[in-house]
Amino acid sequence: MKEFDKNNPFMTPEGYFEEFDRKLLNKLSQGKPAIPESDGFRIPQGYLDNLNQNIRQKFDASEVKAIPITSYKKYYYAAASIAAIALVVLGLNWNSSEDIDFEDLAHTEIETYFEDNELGLSTYEIAEMLPVDELEISDILSTQLNEENMLDYLNDNLDNFEELNFEDNE
Amino acid sequence: MIAEKTLVQQLKQPNSQANAFEVLVDTYKERLYWHIRRIVLNHDDTDDVLQNTFIKVYKNIDGFKGDSKLYSWMYRIATNEALTFLKGKSKRLGISDRELQDRVIDNLQADVYFEGDKIQLKLQKAIAVLPEKQKLVFNMKYFEELKYEEISEILKTSVGGLKASYHLAVKKIEAFLKED
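Protein sequences, first through last, are from chains A and B.
If you read the first sequence in the working numbering, its first letter stands for residue 10, the second for the next number, and so on.
If you read the second sequence in the working numbering, its first letter stands for residue 78, the second for the next number, and so on.
In case anyone wonders, no lab produced these hints; they're calculated from the structure.
In this text, a Cβ means the ideal position worked out from N, Cα and C, and glycines have one as well.
Check before you lean on any hint, since a few could be wrong.
[What the hints assert, rightly or not] FRET-style restraints, in silico, Cβ to Cβ:
id, chain 1, residue 1, chain 2, residue 2, range
1, B, S145, A, Q66, 23 to 31 Å
2, A, K67, B, V189, 22 to 30 Å
3, A, T21, B, L160, 52 to 60 Å
4, A, Y86, B, V189, 46 to 54 Å
5, A, N59, B, V189, 16 to 24 Å
[Unchecked claim] Within a straight-line C-alpha distance of at most 27 Å, the following computed BS3-like cross-link-like pairs (lysine-lysine) qualify:
id, chain 1, residue 1, chain 2, residue 2
6, B, K106, B, K210
7, B, K82, B, K136
8, A, K67, B, K195
9, A, K67, B, K136
10, B, K248, B, K233
11, B, K146, B, K133
12, B, K133, A, K67
13, B, K212, B, K255
14, A, K67, B, K89
15, B, K136, B, K164
16, B, K249, B, K199
17, A, K67, B, K255
18, B, K212, B, K166
19, B, K224, B, K249
20, A, K32, B, K195
21, B, K106, B, K133
22, A, K32, B, K255
23, B, K164, A, K67
24, B, K133, A, K32
25, A, K67, B, K106
26, B, K199, A, K32
27, B, K249, B, K233
[Claimed, not checked] Covered, in the sense of this in silico footprint (three residues per stretch, anywhere, with C-beta under 8 Å from a C-beta of chain B), are these stretches of chain A:
id, stretch
28, 53-60
29, 64-70
Kindly produce the complete structure, drawing on both the sequences and the hints.
In structure tokens:
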């Protein structure tokens, strides 16, 4: 049997295999946006070559600038001292304002205080502190009593007038 | 390339400090530049922050105990400087952090040092709306190609947490890019 010609009769377009990789990758990335491999930034020409020199200049400038700061240090201390003294004087003036005493409190404030706070004092303790000599009966009772009413009350409720011990007052 | 340990020792010695600092700047300037640039986005602000970062490193090198690697210590300083810079800027302008981000993104189109196309601009918008940690992790992993272990040392976060943050960030960015 006559052998077939083994020469491949098929041909490919020119450059097909060279382009195959790129086409395949393009197809693989279809629908899936590829992130660009470079970011598009560039450096000005010669920038990196001069960087060392630029840093040295900046460094020297920052060192030179530092000198006046130390030489003016004493003035900063002086300014700080003056400011401190001014603050102390102001503070003292502020504190020397007239002292507030009990008389400056409004009566309503005192009443409110007693109403709002539990003093923890018994009736007897309060009675001891009250200046009885300065008190009038009218300070305690709102209804005015006349002598006649008082005598009637005593007649009705007291068996023995002696108990009242009026002797010293006679 | 000079060994990190030797470089640190030289930076701490007054007689070798200046030369060692130049080596330090030359070694790390580009990596730190891109790290800062992707946070603050604008070249001039990046320049300020980068210079301040190196000055801070120089001034504080005596305090570097070697508990972490030098580069992760520097990355940490750069990250803090960049975030502090942004906070200070929004405060100076009297706007919120988010409003500042929006403003910077809007300015990107007119930025001569940004030559991104439409999709790259959209990518920046997508990154801008991410929470701070996700934003940092995405940039460090995707663009700076740092390993999770390295990011973990810089941000002081567990590798597991970082993987979750990165995964979430990628999902959000893809969803954002899909939007019309």
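Outcome of the hint check:
{"no.": "1", "hint": "B/S145 x A/Q66: 23 to 31 Å", "result": "holds (30 Å)"}
{"no.": "2", "hint": "A/K67 x B/V189: 22 to 30 Å", "result": "holds (23 Å)"}
{"no.": "3", "hint": "A/T21 x B/L160: 52 to 60 Å", "result": "holds (55 Å)"}
{"no.": "4", "hint": "A/Y86 x B/V189: 46 to 54 Å", "result": "holds (50 Å)"}
{"no.": "5", "hint": "A/N59 x B/V189: 16 to 24 Å", "result": "holds (18 Å)"}
{"no.": "6", "hint": "B/K106 x B/K210", "result": "holds (23 Å)"}
{"no.": "7", "hint": "B/K82 x B/K136", "result": "holds (18 Å)"}
{"no.": "8", "hint": "A/K67 x B/K195", "result": "violated (37 Å)"}
{"no.": "9", "hint": "A/K67 x B/K136", "result": "holds (13 Å)"}
{"no.": "10", "hint": "B/K248 x B/K233", "result": "holds (23 Å)"}
{"no.": "11", "hint": "B/K146 x B/K133", "result": "holds (16 Å)"}
{"no.": "12", "hint": "B/K133 x A/K67", "result": "holds (12 Å)"}
{"no.": "13", "hint": "B/K212 x B/K255", "result": "holds (19 Å)"}
{"no.": "14", "hint": "A/K67 x B/K89", "result": "holds (20 Å)"}
{"no.": "15", "hint": "B/K136 x B/K164", "result": "holds (23 Å)"}
{"no.": "16", "hint": "B/K249 x B/K199", "result": "holds (13 Å)"}
{"no.": "17", "hint": "A/K67 x B/K255", "result": "violated (45 Å)"}
{"no.": "18", "hint": "B/K212 x B/K166", "result": "holds (19 Å)"}
{"no.": "19", "hint": "B/K224 x B/K249", "result": "holds (21 Å)"}
{"no.": "20", "hint": "A/K32 x B/K195", "result": "holds (22 Å)"}
{"no.": "21", "hint": "B/K106 x B/K133", "result": "holds (14 Å)"}
{"no.": "22", "hint": "A/K32 x B/K255", "result": "holds (20 Å)"}
{"no.": "23", "hint": "B/K164 x A/K67", "result": "holds (22 Å)"}
{"no.": "24", "hint": "B/K133 x A/K32", "result": "violated (49 Å)"}
{"no.": "25", "hint": "A/K67 x B/K106", "result": "holds (16 Å)"}
{"no.": "26", "hint": "B/K199 x A/K32", "result": "holds (24 Å)"}
{"no.": "27", "hint": "B/K249 x B/K233", "result": "holds (23 Å)"}
{"no.": "28", "hint": "53-60", "result": "holds (count 4)"}
{"no.": "29", "hint": "64-70", "result": "holds (count 3)"}
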